[in-house]
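K.L.:
Given next are the chains, with one letter for each unit.
Number of protein chains: 2
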Amino acid sequence: MANKSREELVGLGVTMEENFSEWYNELVQKAGLAEYAPIGGCMIIKPFAYSIWENIVRWFDTRIKETGVQNAYFPLFIPESFFQREAEHFEGFTPEVAWIEKRDDSEERFALRPTSETIIYDAYSKWIRSWRDLPLRMNQWCNIVRWECKATRLFLRTREFLWQEGHTVHASEKEAADEAKLRAEQYRELMETQLAVPVLMGKKSRSETFAGALYTLTLEAFMPDGKALQMGTSHHLGQHFAKVFKIKYRDKDKEEKYAWQTSWGISTRLIGSVVMTHGDDKGLILPPRIAPVQVIIVPIYKTENMKTVLAEANKVKKELSDFSVEVDERDECSPGWKFNEWEMKGVPLRIEIGPRDIENKQVMGVRRDTGEKMPIRRKLMVNKVRSLMEEIQLNLFEKAKERLQSSMVTAKDYEELKKHIKEKKFVKAHWCGEESCEEAIKENTSATVRLIESDDKRGKCVHCKHPSKHLVYFAKAY
Amino acid sequence: MANKSREELVGLGVTMEENFSEWYNELVQKAGLAEYAPIGGCMIIKPFAYSIWENIVRWFDTRIKETGVQNAYFPLFIPESFFQREAEHFEGFTPEVAWIEKRDDSEERFALRPTSETIIYDAYSKWIRSWRDLPLRMNQWCNIVRWECKATRLFLRTREFLWQEGHTVHASEKEAADEAKLRAEQYRELMETQLAVPVLMGKKSRSETFAGALYTLTLEAFMPDGKALQMGTSHHLGQHFAKVFKIKYRDKDKEEKYAWQTSWGISTRLIGSVVMTHGDDKGLILPPRIAPVQVIIVPIYKTENMKTVLAEANKVKKELSDFSVEVDERDECSPGWKFNEWEMKGVPLRIEIGPRDIENKQVMGVRRDTGEKMPIRRKLMVNKVRSLMEEIQLNLFEKAKERLQSSMVTAKDYEELKKHIKEKKFVKAHWCGEESCEEAIKENTSATVRLIESDDKRGKCVHCKHPSKHLVYFAKAY
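Residue numbers (our numbering), protein chains in the order written: chain F, 662 to 1139; chain L, 662 to 1139.
Isolated chain F, as found in the complex:
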C-alpha cells in the first residue's frame, strides 16, 4: 500500500468504449500494476503486478516440475557467432537484438538474449551423449531483451520482459510432438483455469512460425477491442537446431542420431491479457486464483466506535486466513475512497463491516465482478467466501468465453471476411495455404492468420477460391 502515488487514486479519465487503448494504458498505471521506465520502451513492474506474476509462476512451475522439467540458468549473453550458425533463426531476431559494447576489438560481439535456443543448445550438445540422457527437459525463468521498434505497450510489448523458456530434447519426432502438445495444454490450463482467459489452440501458419521451428502451437485469446492476443507458444523444433548445434546421441542400436527438440514460453504479457479481458470502466477485475488480494475488508466507523470496528475487522481477517485478505485501516481515507481504490485494483470481494453489521452478526459482501451486495452471516462466512471465490472465478471465465464465442464468425467469401474483420470479429475461413493469399489479406484488412483450426479441406480459399488446405482463424492482432 505504501507505494501508491496520489495520482493513482483518481478514477479513469476514459472509458473502454471511448478509447480502449488509452483505457488500458491508464488502467495499468492507475491500478498500480506498472509504469514506463525512464528508458524508452521499458517498464517497471510494480509489486501488485509482480505478485500476480508470482502466482502465475508458482502454478506453472509446479506443473512443469511434476512433469519432468528442471530449472536452470543460462547466460544473458549470446555470442554473435552462435546466432550466425543458424541463419533462419538469426534473421528472425536480428532486427530486435541489443548488443553490448565491445571492450576491445579482439573480443567477440555479444547479444542480450532475445530467446536462448542457441546458447542452451550449445551446452546441450556437450551434455548429451546417449539415449540414456534423453529426454532432457530444462526451463529457465529470466528476463528477455528485444529492442522493439514498433510502439511499445505496458506488458504487451516492451523492450525487456520476464518469461519462462522451456527447452527439451527427445529421441524421436513423436516424443517431441507429444512434448510440444503437453506444454501447450498446460498453458491452456493456466490461462483458462487461473487467468480465466479462454483461448484457442492450434498451429501457426508458416509465416508466423518461430524462426527455425518445424511448427508452432499457439494459444490465442481475443480481446474486447476485437484483436487477438498471442498468449504463449510451444514449438516443435524438429532436428533443425540439433543439426546446427550437433546435438547427437548414441541410440540403443549403437547408431549416432540427431535429437528432436521443443521450446515453449509464456511471459509477463499474460498480465496484460487479464487486464483487457476482465477490466471495466471502474478498473481491474482480478480472477481470485491470481489476485494478490482476494478479499479487502473496509471498516466503517465513527470516532466513538472506531476501536470496536477495527478490532472486529481484524477478527474477520483472522477467520479468513485461508484467503489473501487485507484490512484497509487508513484513517485519512473515507470508505467511499477506499471502495473506489480497491475496485480500481480489481480485488474480487469487498467486505464492509460497520457497527450495525457487528450487532447483526454479519458482514456486508460486495462482488467486484457483478457489483452484487449481500449480507453474509458471520457463522457461515468462511464457506460463503470460499464459494464466492469459485463463483467469481467461474463467472469471469464464462463471461469471457461467451464474448469469445459471440466474436467467432465464419466467412464464406472475401467480402464477408472483410466485413467481419471491420466489425472486429474472430473470423473462421478456408485458406489455400499460400503465403501470397495470406499476405494479400493482411495488406487489405490488417488481419493475419492467427491459428490453423484444422486441415479441413472441404472448402475454397476465402481469397483465391482455390481448393482449401486449412480452416483458419483470421483477426487483427497485438
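No incorrect hints appear here.
No copy labels: a pair is met if it fits in one copy or bridges any two.
In silico lysine to aspartate or glutamate, EDC-like type, Cα no more than 16 Å apart, as pairs: (1) K963 <-> D992; (2) K913 <-> E993; (3) K904 <-> E749; (4) K1073 <-> D1117; (5) K913 <-> D992; (6) K864 <-> E1114; (7) K1126 <-> E1096; (8) K726 <-> E987; (9) K787 <-> E696.
The hints are simulated quantities; they were obtained by calculation from the structure and are not laboratory data.
Please arrange chain L on chain F, whose structure you already have, making use of the hints.
P.N.:
Positioned in the frame of chain F, the structure of chain L alone reads:
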C-alpha cells in the same frame, strides 16, 4: 539425472590439501553445479545448483515478505545520466559496467545494472510524497552484470550472477539503521541455520564500504583455505541517494524532509560458500535444509530379485515423502558407481536396500558427513531419517564453527599479524582507523580489514602503534 555428462562421474583429480582452488573448480563442475559458459567469465547454473538457489530464495523470500517487503521488477538498463548524478557511486562501479551499443547518436547510453540503486530511487522519488508512504520496502530477484577484469571463479566472481537486492526508504535515521540491522540478521540466520556456514557480522571499514553508503554491515565467512568470503552486505545509505534523487516526503509536521534509505543483497555466491565450507575429497556435502536431494535410495539387487528390491525401494521412497528423496534405478551403473556419484553430489543420507535388508525389515543408512553406516529399522525409519537430517545439519554447522573459531587469533603487534596471516588465520587486532595503515598492511600481507568487531579503543594500532579506534578482523579475502 538426464543431464549429467559422463565426465562428471569420475572422481576428483586433486585433493583440497594439494590445491584448494583447483579442487573447488573441479568439484563445482563434476558435481554438476555449474560450468563455464562460452562467454568469458560467465557461468551456466545447472539444475542441481539452481535447485539449491531455489531453496535459498524460498526461505529468504518468505522471511522478507513476513517483515513488510514487497517484490517488484525494475529494468535491466540504467541511463548513463543516472549514474553520473551520483559521482561516488558512479566511480565505484564504472570500471565493471557493461554498456549496450547505441542504435543512433541521439540516444542516451545505457548500462546493464551492476546494482539498481539509481534506477529504483528515480522511481521512488516519484512515488513518495508523504510520511504515510513510509516505510517503503521493495526487493527484486534478478540478474546482475559486472564485467569483471579480475580472474573469474564459478559462483564466486562471474560477469553475470543472480541475486536479490532490497531497497527501503524510512522517515528517520534510526529506522533505517534498524532496517539495515534486521536484514543483516536475517542473512545471518539464513547462512547459519540453512547453509550451515557460520559468519561474523560487523561494519566495513571506510575503504570497503558500498559506494554512496553511510556504512555497510557485512557478513563474513572463513573458508578452509584461510580466506574470508563476503557473504552478503546491508547498507545504511543515510540521505546520500535521497538528496541526489530528491526523495522527499512531507512529514506530520508539514515540513518536507529527505528520506533515509537502506539497500541489501545476497547472491548465487552463497552456493560457492557451501561448496568450500563443507566439501571434502569425495565431493560436496550439502546441508539437508538446502539439499535438492536429501535422501538417495540405492537398490542393491541381482537379476533374480531385481523386481522385489526395486518395488521395496519405491515403497521406502513413498514412506519418506516428507523428504526430498530419489531412487537411483539405473540398471547400467553398479551400486559402487552410484555411491561415488551421490557422494560427489553431496546428498546428506544414502539408503541402501538389498534382499537381506528386506528380510530383516531394515534399510542401511550411510551419512555423507561422517561416513557412518547404520542399519535402520523400517518401523522407525521416518523419525530416524528426520532426526538424522537435523543431526547432519547441526554437525556441519558445528564443524564449520569449530574451524572458524580455531582460525581466529589475536595479534598484539605487526610481527604477529604478519605471521598469523601467513598461517592463514582470521586475525583480530587493534586499528587506528587510518586508511594509510590499512593500505600498508594490505600491501605487505595482502590482508584487508574484513570487518570491524567493535569500537574498543583500549589498545594500540597493530601497524602504527597510535591509539586504537577499532578492534577489527584482518584476513585475505575472495
